[in-house]
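Protein chains: 2
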Amino acid sequence: MEARQLRKKIRQGVFDGTTSGASGENVQANIVILPKSYAFDFLLYAMRNQKAVPIIEVIEDGKVESIYAEGSDIRTDVPKYNIYKEGVLTETVADIRDYWQSDFVTFLIGCSFTFEQAILEADIEVKHIKQGRNVAMYKTDIATTSAGIFSGELVVSMRPFEKPLVDRVSDITAQFPNMHGRPVHYGDPSAIGITDIMHPEYGEAIDIGEDEVPVFWACGVTPQNAALNAKPEIMITHAPGHMFVTDMYNEDFKTT
Amino acid sequence: MEARQLRKKIRQGVFDGTTSGASGENVQANIVILPKSYAFDFLLYAMRNQKAVPIIEVIEDGKVESIYAEGSDIRTDVPKYNIYKEGVLTETVADIRDYWQSDFVTFLIGCSFTFEQAILEADIEVKHIKQGRNVAMYKTDIATTSAGIFSGELVVSMRPFEKPLVDRVSDITAQFPNMHGRPVHYGDPSAIGITDIMHPEYGEAIDIGEDEVPVFWACGVTPQNAALNAKPEIMITHAPGHMFVTDMYNEDFKTT
Numbered sequence: 473m474e475a476r477q478l479r480k481k482i483r484q485g486v487f488d489g490t491t492s493g494a495s496g497e498n499v500q501a502n503i504v505i506l507p508k509s510y511a512f513d514f515l516l517y518a519m520r521n522q523k524a525v526p527i528i529e530v531i532e533d534g535k536v537e538s539i540y541a542e543g544s545d546i547r548t549d550v551p552k553y554n555i556y557k558e559g560v561l562t563e564t565v566a567d568i569r570d571y572w573q574s575d576f577v578t579f580l581i582g583c584s585f586t587f588e589q590a591i592l593e594a595d596i597e598v599k600h601i602k603q604g605r606n607v608a609m610y611k612t613d614i615a616t617t618s619a620g621i622f623s624g625e626l627v628v629s630m631r632p633f634e635k636p637l638v639d640r641v642s643d644i645t646a647q648f649p650n651m652h653g654r655p656v657h658y659g660d661p662s663a664i665g666i667t668d669i670m671h672p673e674y675g676e677a678i679d680i681g682e683d684e685v686p687v688f689w690a691c692g693v694t695p696q697n698a699a700l701n702a703k704p705e706i707m708i709t710h711a712p713g714h715m716f717v718t719d720m721y722n723e724d725f726k727t728t
Numbered sequence: 473m474e475a476r477q478l479r480k481k482i483r484q485g486v487f488d489g490t491t492s493g494a495s496g497e498n499v500q501a502n503i504v505i506l507p508k509s510y511a512f513d514f515l516l517y518a519m520r521n522q523k524a525v526p527i528i529e530v531i532e533d534g535k536v537e538s539i540y541a542e543g544s545d546i547r548t549d550v551p552k553y554n555i556y557k558e559g560v561l562t563e564t565v566a567d568i569r570d571y572w573q574s575d576f577v578t579f580l581i582g583c584s585f586t587f588e589q590a591i592l593e594a595d596i597e598v599k600h601i602k603q604g605r606n607v608a609m610y611k612t613d614i615a616t617t618s619a620g621i622f623s624g625e626l627v628v629s630m631r632p633f634e635k636p637l638v639d640r641v642s643d644i645t646a647q648f649p650n651m652h653g654r655p656v657h658y659g660d661p662s663a664i665g666i667t668d669i670m671h672p673e674y675g676e677a678i679d680i681g682e683d684e685v686p687v688f689w690a691c692g693v694t695p696q697n698a699a700l701n702a703k704p705e706i707m708i709t710h711a712p713g714h715m716f717v718t719d720m721y722n723e724d725f726k727t728t
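Residue numbers (the numbering used here), protein chains in the order written: chain A, 473 to 728; chain B, 473 to 728.
Derived from the structure by calculation, the hints contain no laboratory data.
Please note: incorrect hints may appear among the correct ones.
Note that the list lumps identical chains together, so a pair holds whenever it fits in one copy or between two copies.
Unchecked claim - No more than 25 Å apart at the CA atoms, straight line, and that leaves these computed lysine-lysine pairs for DSS-like:
1. Lys635 / Lys602
2. Lys703 / Lys523
3. Lys602 / Lys535
4. Lys535 / Lys508
5. Lys635 / Lys480
6. Lys523 / Lys726
7. Lys552 / Lys703
8. Lys602 / Lys703
9. Lys557 / Lys481
10. Lys703 / Lys508
11. Lys635 / Lys481
12. Lys557 / Lys508
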């Protein structure tokens with residue numbers, strides 16, 4: 473489906489599922505929306521933790537259209553939004569027009585769906601996509617660099633691959649430095665503070681075969697974890713896996 | 473002179489000249505200091521105009537020491553500061569402790585002195601350094617991308633080189649993408665809106681020999697020009713050519 477068409481279906485409430493695999497050639501973005509009073513701290517947090525929080529675009533207060541998605545409205549074009557108040561997830565909704573404030577600033581953040589597409593195009597299977605599930609995401613014990621009120625541990629996404637494929641998969645994702653790039657770790661989950669691989673903090677669990685190795689990437693859900701610590705008055709994000717689909721192509725973010 | 477020693481002399485008021493050529497191996501930074509209420513707009517302006525405003529470090533409100541300059545105090549360790557009130561240069565001072573506000577945020581911005589050192593090391597003369605002058609800087613008609621209250625034209629620095637050397641000089645500076653990188657233009661000044669090459673808006677004029685070509689780079693004075701338009705209540709910068717000297721080495725910013 474064309475990105476523009478997909479956004480229209482999302483806006484109409486016809487499409488409300490995960491955008492994984494939908495409009496696969498287009499760049500999909502994590503979303504963080506905050507009042508402007510928190511925007512400096514957040515932008516600085518992103519700059520200091522670029523691997524987890526690569527900023528693609530900032531939609532300034534007073535605006536709702538992304539320059540990378542013609543005719544878009546950030547208040548209606550994400551399938552599911554999480555509303556956090558004082559760091560507590562209070563609601564998951566399909567439309568945030570009733571919550572919108574004139575001082576809201578929107579951050580579009582790079583997403584691993586971009587490199588997943590590149591893995592698929594190299595004829596390598598991505599297990600959770602094949603199984604039609606959301607990716608598994610974990611809180612690690614790796615500290616991010618704090619900025620203002622934002623701090624906390626790195627969140628990672630995990631995909632299992634057969635051991636002989638790990639290097640190739642790493643090299644493929646390394647071509648997208650603004651979409652989380654190379655894995656931060658592979659192998660033993662406990663080495664990065666993950667105690668139970670079958671119980672991810674976000675997304676869905678996936679079994680790891682005997683011949684497979686879990687591979688971990690920095691994840692754009694990291695700022696949602698930071699928000700739990702920062703407890704801003706209000707913060708709105710996409711629901712994990714339910715992204716904002718832009719008109720840009722994944723290929724445009726590939727470095728050679 | 474060692475960077476730390478130079479900062480000490482500056483703090484004591486013993487050294488108050490241009491830092492061009494002083495502590496040449498160390499990274500020197502342009503400085504912008506703003507109340508936190510303007511910090512988001514400014515950081516976004518920097519992100520959107522990275523070639524002119526490459527951020528090296530942000531010193532958050534409540535702090536005065538750079539992580540890249542041990543024992544430093546940003547209120548005393550720059551040889552000369554410009555104080556702008558409502559966009560008007562009101563004073564040039566050697567110490568800003570009397571002006572300091574607890575909500576001040578400091579931005580360290582990459583500086584062309586880094587690539588000048590690399591040019592010198594390639595045994596190519598840099599004319600204004602040889603003549604002991606400040607570099608010539610001009611306002612162009614190239615628009616920067618605005619963010620919040622900040623907007624305006626790109627400011628460039630100019631160095632004349634003999635024509636056969638231009639490509640080599642370009643390639644040398646391109647190795648420092650976070651220190652303004654490759655030139656934005658060379659040749660006819662009027663092509664980028666410079667009407668009188670002998671009257672630069674900032675720094676000192678330099679004559680261009682018959683066999684020489686003027687070469688122009690994006691310049692860290694660009695935000696000072698943007699401040700003239702934005703008119704923030706107060707903004708403090710280094711005086712052009714009078715930089716903050718860090719402990720970092722130019723080499724560390726070289727990409728291969």
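Q: Indicate which option fits the pair Lys557, Lys481 if close means a Cα-Cα distance not exceeding 25 Å: within, between, both or neither.
A: Intra 28 Å, inter 50 Å, cutoff 25 Å: neither.
Q. Is it within a copy, between copies, both, or neither that the alpha carbon of Lys703 lies no farther than 25 Å from that of Lys508?
A. both (15 Å within a copy, 20 Å between copies)
Q. At most 25 Å between C-alpha atoms: does Lys535 with Lys508 qualify within a copy, between copies, both, or neither?
A. Intra 12 Å, inter 22 Å, cutoff 25 Å: intra and inter.
Q: Pop the pair Lys602 and Lys535 into one bin, within, between, both or neither, using alpha-carbon distances up to 25 Å.
A: neither (37 Å within a copy, 50 Å between copies)
Q. At most 25 Å between C-alpha atoms: does Lys703 with Lys523 qualify within a copy, between copies, both, or neither?
A. within (23 Å within a copy, 35 Å between copies)
Q: Evaluate Lys635 and Lys602 at a C-alpha cut-off of 25 Å and name the case that applies: within, between, both or neither.
A: Intra 19 Å, inter 59 Å, cutoff 25 Å: intra-copy only.
**Q.** Within, between, both or neither, where Lys635 and Lys481 count as close if Cα-Cα is 25 Å or less
**A.** This pair counts as neither: shortest intra-copy Cα distance 39 Å, inter-copy 58 Å.
Q.
With identical chains, the pair Lys602 and Lys703 could be close in the same copy or across copies; at 25 Å between alpha carbons, which is it: within, between, both, or neither?
A. Neither, since 36 Å and 55 Å both go past 25 Å.
Q: Measure nothing new, just compare the shortest in-copy and cross-copy C-alpha distances for Lys557 and Lys508 to 25 Å and report within, between, both or neither.
A: both (16 Å within a copy, 24 Å between copies)
**Q.** Alpha-carbon proximity context of Lys635 and Lys480, limit 25 Å
**A.** For Lys635 and Lys480, neither the intra-copy (41 Å) nor the inter-copy (55 Å) Cα distance is at most 25 Å.
Q) With identical chains treated as interchangeable, where does the CA-CA distance between Lys523 and Lys726 reach 25 Å or less: within a copy, between copies, both, or neither? A) both (15 Å within a copy, 20 Å between copies)
Q) How would you label the pair Lys552, Lys703 (within, between, both, or neither) given a Cα cut-off of 25 Å? A) So Lys552 and Lys703 pass the 25 Å test inside one copy only (21 Å; across, 40 Å).
Comparing the model with each numbered hint stated earlier shows that hints 3, 5, 8, 9 and 11 do not hold.
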